[in-house]
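Single-letter residue listing:
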Amino acid sequence: MDEAASTGPESDAAPAGKSAPDSDVLLEMDNVTLRFGGVVALNGISFALRKGEIFGLIGPNGAGKTTCFNAMTGVYRPTSGQIRFQGQSLIGKKKHEITRGGIARTFQNVRLFPEMTALENVMVGADAHFKTSVISALFRLPRFWREEREGRAKSMELLRFVGIEHRAGEVSRNLSYGEQRRLEIARALATNPTLLCLDEPAAGFNPAEKEDLLGLIRKIRDTGVTVLLIEHDMRLVMGVTDRIVVLEFGKKIAEGTPAEVRDNPAVIAAYLGVPTDAA
Amino acid sequence: MSAIAEKPAAGSGKSSRQLRGWLGRQPAPVRWLVIIAFVAAAYLLPYVGEVPLIGPQIVTTGVDWSTVLFEMSYYVLLALGLNVVVGFAGLLDLGYVGFFAVGAYVTALLTSPDSVLHTQYGWVVAIPAALAVTMLAGVLLGWPTLRLRGDYLAIVTLGFAEIIRIIATSATWARGDRGFSSIPHPPGKTSDGTPIFGVTDAIPYFWLGLTVVIVIVFGVRNLDRSRVGRSWLAIREDEEAAEIMGVRTIKFKLWAFAIGAFIGGLGGVMFAGETGFINSQTFILQFSILVLAGVVMGGSGNIAGAILGGALISYIPNRLRGIQGPFDTDLYEYRFALFGAMIILIMVLRPQGLIPSRRRAMELKDREKEAAPQ
Amino acid sequence: MNFSGLIQDFGPLTITGLEQGAIIALFALGYTLVYGVLRLINFAHSEVFLLGTYAALISWGWFGLDQNSATPSVGAVLGYLVLGMIAAIVISGVTALAVEVVAYRPLRKRNAPPLAFLITAIGASLVISEVVGVVTHRNPRGVPPLIKPSTVFSIGNMQVSNLQILIIGLALVMMFALDRFINGSRLGRGIRAVAQNPDSAALMGVNKSRVIALVFLLGGLMAGIAAVMYDLKVGVTKYDAGFLLGIEAFTAAVLGGIGNLRGALLGGLLLGLLQNYAAGLFGTQWLHLASFVALVLILLFRPTGLLGESLGRARA
Amino acid sequence: MLLELKDVTLLYGRIQALHGISLTVGQGEIVALIGANGAGKTTTMKAISGLRPIAQGSIVFDGQDITKMRADLRVVRGVSQSPEGRGVFPGMTVRENLDMGAYTRRNKAEIAQDMDRVFTLFPRLKEREKQSSGTLSGGEQQMLAVGRALMSRPKLLLLDEPSMGLAPMLIQQIFDIIVEINQQGTTVLLVEQNAQQALSRAHRAYVLETGRIVKEGTGQDLLTDPAVKDAYLGVA
Amino acid sequence: NKDTSSDTASGSNCGYKLAFFGALTGSAANLGVNIEQGFELAVNQYNEKKGSTCIEVAKFDSQGAAEVAPGVARQLVADKKILGIVGPPFSGESEAADPIFEEAGIPTITPSATRVSLSSKGWKVFHRAVANDDSQGPAAAAYIKDTLKAQKVFVADDQSAYGAGLAEVVKSKLGPLVVNTDKTEGDGKQSDFSALVAKVKSSGATAFFYGGYYTNAGLIRKQLTSAGWTGTLLGGDGMKDPGLAKAAGNAAATGTVVTCPCSPPEQAGEEFNNAYKTKWNVAAGTYSDVAYDAANIFLQGIEAGNTDPAKLNTYLSTVNYKGIANTYKWTSTGELDPTLIKVWAFKFDASGEEKADVEIKVS
Ligand SMILES: Nc1ncnc2c1ncn2[C@@H]1O[C@H](COP(=O)(O)OP(=O)(O)OP(=O)(O)O)[C@@H](O)[C@H]1O
Ligand SMILES: Nc1ncnc2c1ncn2[C@@H]1O[C@H](COP(=O)(O)OP(=O)(O)OP(=O)(O)O)[C@@H](O)[C@H]1O
Ligand SMILES: CC(C)C[C@H](N)C(=O)O
Ligand SMILES: [Mg+2]
Ligand SMILES: [Mg+2]
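Residue numbers (our numbering), protein chains in the order written: chain A, 1 to 279; chain B, 280 to 653; chain C, 654 to 969; chain D, 970 to 1205; chain E, 1206 to 1568.
The hints are simulated quantities; they were obtained by calculation from the structure and are not laboratory data.
Any given hint could turn out to be false.
[Said to hold, decoys possible] With a straight-line Cα cutoff of 20 Å, these simulated PhoX-like cross-link-like pairs (lysine-lysine) come out: (1) Lys1350(E) / Lys1566(E); (2) Lys1037(D) / Lys762(C); (3) Lys210(A) / Lys1037(D); (4) Lys468(B) / Lys94(A); (5) Lys1516(E) / Lys1285(E); (6) Lys1255(E) / Lys1222(E); (7) Lys1286(E) / Lys1264(E); (8) Lys530(B) / Lys131(A); (9) Lys1552(E) / Lys1566(E); (10) Lys1357(E) / Lys1378(E); (11) Lys1516(E) / Lys1222(E); (12) Lys219(A) / Lys51(A); (13) Lys1482(E) / Lys1560(E); (14) Lys801(C) / Lys1406(E); (15) Lys93(A) / Lys530(B).
[Unchecked claim] Derived CB-CB ranges, DEER-like: (16) Ser807(C) / His397(B): 48 to 56 Å; (17) Ala729(C) / Val1487(E): 31 to 39 Å; (18) Ser1377(E) / Ser807(C): 32 to 40 Å; (19) Gly1409(E) / Ile739(C): 37 to 45 Å; (20) Phe139(A) / Gln399(B): 28 to 36 Å; (21) Gln399(B) / Lys1329(E): 21 to 29 Å; (22) Gln1025(D) / Pro331(B): 48 to 56 Å; (23) Ser807(C) / Gln603(B): 56 to 64 Å; (24) Val1183(D) / Lys131(A): 45 to 53 Å; (25) Arg152(A) / Gln603(B): 56 to 64 Å; (26) Val754(C) / Pro331(B): 42 to 50 Å.
Remember, it's a predicted structure, so these values are computed and weren't measured experimentally.
All C-beta atoms, glycine included, are put in the ideal place defined by N, C-alpha and C.
Please work from the sequences and hints to get the whole structure.
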């Protein structure tokens, strides 16, 4: 693990997130506000992810974490504020453009293509950067063969990577919950992301499985992918992330290294409660 | 029903699955040989009446057998096209007949002496224009409806088809019920100078139709087994998730519409070229619904299923023609009633269709056992 | 285009539009109810309506009434109306239930895919209308002139007849009652629960089969009433009467937001008005075009219909 | 015995998910069911609540054989489940969802009282009383699912991973709530990944592996069982 | 499949078939059935006279639909024993089916397809046994002007080739008397005509000409009456069927006027009417008599030894046949000789039947 990359100069949470003009900023939330009628789900959120880090997003239920993901991936459009990815604004971009631009995600409630096999699910992700379209598929042009072969090989490799290659031919709805979550990760990885967003990937895992997942997330980071992680399991979050932002009621209440966040009284009061036995 | 037993899409679902399994296990040359044999048999269908015993059972009695075969060929074509839209991409289209109509009408407008355009092109010349216009119509229909989900899409497509029908009926240039006559037939002469595509003999039309069907089957199959087909499937399963995985849903949905429209339009072009006369009465809504029933009955999402379904929906009513029913009636009179009953029966017995796609068959078997006691 | 014609006929077209819309709206409820719960376009609902139109006619036939009879006395008319309503409601209700039991329940038992339901629905619709077609030789059957039309009041050249008041009034009353039932009663809540999550509904103690049957029954009842009104208004019924009006009713349901009861009312009335104005402006042959063009335009801007979908949100 | 499963097998199409499960839950107990992903915990719950028919075996509840009984009738008899994945009615408001929980009950006063109790347990739900539940966050929905299950005043409460998706603070709370409900007389069958917490609260527990029960004992026994520790509790 | 020249059954010139081609089912089936029954009656009588089934009847149901017609027509021409065809009754199906008959060279006599353009297609086998719409339209207009003396007329049609064409002619002949016009959908596509009714009512018209078929017309008449409109509904031969009164109710239908390029049934004579009634249990309908004549013309030709389609067709061009409905003599395009054309007006009475009113002289 290369911890080095994560320890930046600033870790103070107080000033608005404009404090990261570094060239290695990958994604920047700049004063993002998102309202649903009367509910303010995000309230002037600012933070920045750096390339290559594992970044945690935590906070009580309903704090706005998933909404953050949805704003980044184009599912919701912020009421105000900016989201920049590699210097470019994401506001108003189509969902598939954002994905091709390098952001991939998983869902809090698993959303696979239930009747497609595990392999096909991953291939859909791999297709994101292929170009075969109707004409080349219709006439079986060389590009079709090349991309089909590549996509298949790559997808098998990813299934192996997440540890479910033996299920490649199984229809995804028949996989167990844990396998489905892994498959979601493989599918997201297949899109060649620069940034991978995981929404509670460990929900419903037992401690042993969580341990596996922790290893997997590190492995992903080691391939050069930046990871943004939403998770309620503190052992996992504290064990794997480089930096953490804490939300409450749509506001950022803390930002810093795991150690800093864990000891932050505001976070303890709002989220952690009595220090968990897990910690 | 047995008429279809000779076609590649053969027989009952069970044996077809065994057949497919068996076929799958054969080396490529054998597979091709079997396929070629089936195709050859299909081309010989006009003469099936000569086959002793079973032949006469198959051939229709009240209506010319070759004409029925030709009709089957364009119904199959329509089913194949609709299968792309509904079966592959999961876009429920209740107004598919609209494209059939557009194809036929553009042909008529360009070729018939009755047309306001006075171009009087030949049939072949009209084809590219007709297909281009239908594809455009497909995209035009697709574009505004992209935001609509499932059943809303269904009603809008139904609305579009009705709009086309009403225009065909009521707009002066479309000539309504008066229609367009003297639409030219496909070109070509035999050695003795008589046209190949005449009016009294429909066999050449059937062969033409069958050939087109075969070409389309290959095209559609190629699409299905590619990134395009995968994208359609993903869209069908979870559109938003697909988009978030980078699938350009809009593009592929439009393609589905365009391809479906293309194939439907082709059916229309062939129909116009054969009858030589079209008017607004042909393109009724029930027609779309019938084709949809064919697709689903055959096995939505499966090419062989679409072929079988399309063939059945045109064969069965025609076969009933000329058969003595109760009270001194022609069974043809009861065709839709019988047909409706058959649809219910088939769907209840085989909810996934007669020849389900392998995927759907599996799915169903799983789902079935899961069903909780009601 | 004939603007002066439209302006001149505006009043009469408005009242006929509302009258027609009221019938469409009641008819549309069946689609909306079933769709709301099962996500199923119940194509056979048009035949539920169709049999209703015949049921009333046949019940009047028992008393020797046919299209050539003279108009009965006022008291008798009331009796006949009630009789016709009961006959239509019973037959439509029973038909709706029968369709559910014969065509849908077996599929549900096998957890069949949604398209399969759509196709059996089409099958059921075909069987019923075609059997009626064969039995009646596809000839129309005339309705006895039960209600002697008379103008009750008029505004400008808009003359409102007793029949029109009856039809519009009855439709509103029925809609209101149904709305109260669905949104206000425990059973209504059960219906909405099954609509939204059948498994969870079962876990709350809701009997899914009974709810589904109830929904079909309610749709059938409304269709039965619509059928009698149709008889009185159109004066004739035929084996394909359901199909024709069914498409419009379904359109109305979608227009208002399918699954939404109030949407059905709004959609129905809107459709009735639009069609009649279009007939005034462009000619009667374009009447249906108006409804479909309106449908497409409205869905473009409101993809789930005017009032949004789902029984669940009927309240909001 | 309040609940008794004998040799229950269950199929998902070609997949056999349960291979002869036998378990009992006594009146007034908290029984925990733990096991890895795909072990069959949820499936067992579904078999008990009647959401999936079982292929073989029998289920007896409160002295009555309910093996073939419809799910909704089991609710009337007193079985209530908070399902995995929450299963809220997305188009209904929070309050309407809770009302649905009391669908089989008639006593308005008691229902109102229970509603208040749920709101005290989960103040967040009170705040969101009129929001339609489909737009709640994952954790909020989880609270709603548990609250809704309580609304039927069940004899037997089935909780499928009630802590899933909840923030750490709430996890503590939810387990406290379970104990409290239990002390008020409700029997609880609990499926949990958070085995540590579950076992320490449960009177008895079963360990499930690939559709079979491989161990049973008191909560404390299993908590200290090295094999269990190793497999389900992670590093201590 | 047997050869044409085989003299099989008893007597000479036997063993052949005559065909009816037209709607036996479908929404305007009554009209087709009337014609078929007149045709079949003639052949039966001929066979009875011969004492054997000399000429067989072959029936082909086109449903009156243009898209169904070609397949059925091909089935027909495949039967080489068929020497002549009575039909197709409707103009639309004629467009689709006649080219096939033309190519096969089988002579046709249509007792009712009245679209003008049918005779201008150069079909040699086409023969029309009645006047075309060019005579019927002016006749209807003349009736409205001269007999009815209406000052305000509303004209509408069902957009069918037949109905629209007829209404067009009527409109142009009536000129300024037309206060408003409209179009409806065709049979079986619309049943609620309240918008049309509202327009008719507010137009102040006292006469309403509808170009269309009896089913729609009956519905319209009924809805007009119940909306309180008391003017006269008029139409062409497509509305001349008791089906109109069945839909409208006799009371409402009473007084409705229809024109027809045909003669009153009484003129066909007791003998025919009784025979028809005995055989079919209903009174002869519109064009039953013409179909009867058409069949007899064919039979006479066969009797004279014209036992193949080509000869029979040539025979038709020489025919001058006096039948029960009219005398028949054809021009080279297959139209009835102009001097033989007649148009009558009929009126629905309180029993729901159309009774001959006046013969309309068109100048
Ligand atoms: N479409 C919506 N309409 C109204 N309110 C919404 C909508 N979506 C989310 N919310 C509200 O916004 C808040 C933030 O929700 P979000 O899903 O982001 O929470 P979260 O931090 O992911 O919580 P959890 O840990 O429970 O998943 C919640 O209170 C939720 O009720
Ligand atoms: N709907 C289904 N169709 C087919 N197989 C299923 C289905 N649901 C579950 N299974 C399979 O049944 C087995 C048991 O699943 P179950 O959901 O009961 O596990 P679980 O113990 O609850 O796991 P988790 O901790 O992941 O929730 C798994 O192998 C799973 O793949
Ligand atoms: C039978 C007739 C009413 C037919 C009509 N004259 C037509 O040409 O279609
Ligand atoms: Mg969340
Ligand atoms: Mg589970």
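Going through the hints against the structure:
1. Lys1350(E) / Lys1566(E): holds (13 Å)
2. Lys1037(D) / Lys762(C): holds (15 Å)
3. Lys210(A) / Lys1037(D): violated (38 Å)
4. Lys468(B) / Lys94(A): Between lysine 468(B) and lysine 94(A) the Cα gap is close to 55 Å, so the pair fails against 20 Å, i.e. violated.
5. Lys1516(E) / Lys1285(E): holds (14 Å)
6. Lys1255(E) / Lys1222(E): holds (15 Å)
7. Lys1286(E) / Lys1264(E): Holds, at roughly 13 Å.
8. Lys530(B) / Lys131(A): Satisfied, since the Cα-Cα distance of roughly 12 Å is no more than 20 Å.
9. Lys1552(E) / Lys1566(E): Within the cut-off at roughly 17 Å; holds.
10. Lys1357(E) / Lys1378(E): holds (14 Å)
11. Lys1516(E) / Lys1222(E): Between lysine 1516(E) and lysine 1222(E) the Cα gap is close to 15 Å, so the pair holds against 20 Å.
12. Lys219(A) / Lys51(A): Since the Cα atoms of lysine 219(A) and lysine 51(A) sit roughly 15 Å apart, the hinted pair holds (cutoff 20 Å).
13. Lys1482(E) / Lys1560(E): holds (17 Å)
14. Lys801(C) / Lys1406(E): holds (17 Å)
15. Lys93(A) / Lys530(B): It holds: about 16 Å lies between the C-alpha atoms, which stays within 20 Å.
16. Ser807(C) / His397(B): 48 to 56 Å: Between serine 807(C) and histidine 397(B), where Cβ atoms are some 52 Å apart, the hint holds.
17. Ala729(C) / Val1487(E): 31 to 39 Å: Since alanine 729(C) and valine 1487(E) have Cβ atoms about 34 Å apart, the given range 31 to 39 Å holds.
18. Ser1377(E) / Ser807(C): 32 to 40 Å: holds (36 Å)
19. Gly1409(E) / Ile739(C): 37 to 45 Å: For isoleucine 739(C) against glycine 1409(E), whose Cβ atoms are near 41 Å apart, the range 37 to 45 Å holds.
20. Phe139(A) / Gln399(B): 28 to 36 Å: At 34 Å between Cβs, range holds.
21. Gln399(B) / Lys1329(E): 21 to 29 Å: holds (23 Å)
22. Gln1025(D) / Pro331(B): 48 to 56 Å: About 53 Å separates the Cβ atoms of glutamine 1025(D) and proline 331(B), which means 48 to 56 Å holds.
23. Ser807(C) / Gln603(B): 56 to 64 Å: Between serine 807(C) and glutamine 603(B), where Cβ atoms are some 58 Å apart, the hint holds.
24. Val1183(D) / Lys131(A): 45 to 53 Å: holds (51 Å)
25. Arg152(A) / Gln603(B): 56 to 64 Å: 58 Å Cβ-Cβ, so the 56 to 64 Å window holds.
26. Val754(C) / Pro331(B): 42 to 50 Å: Given about 46 Å between the Cβ atoms, the range holds.
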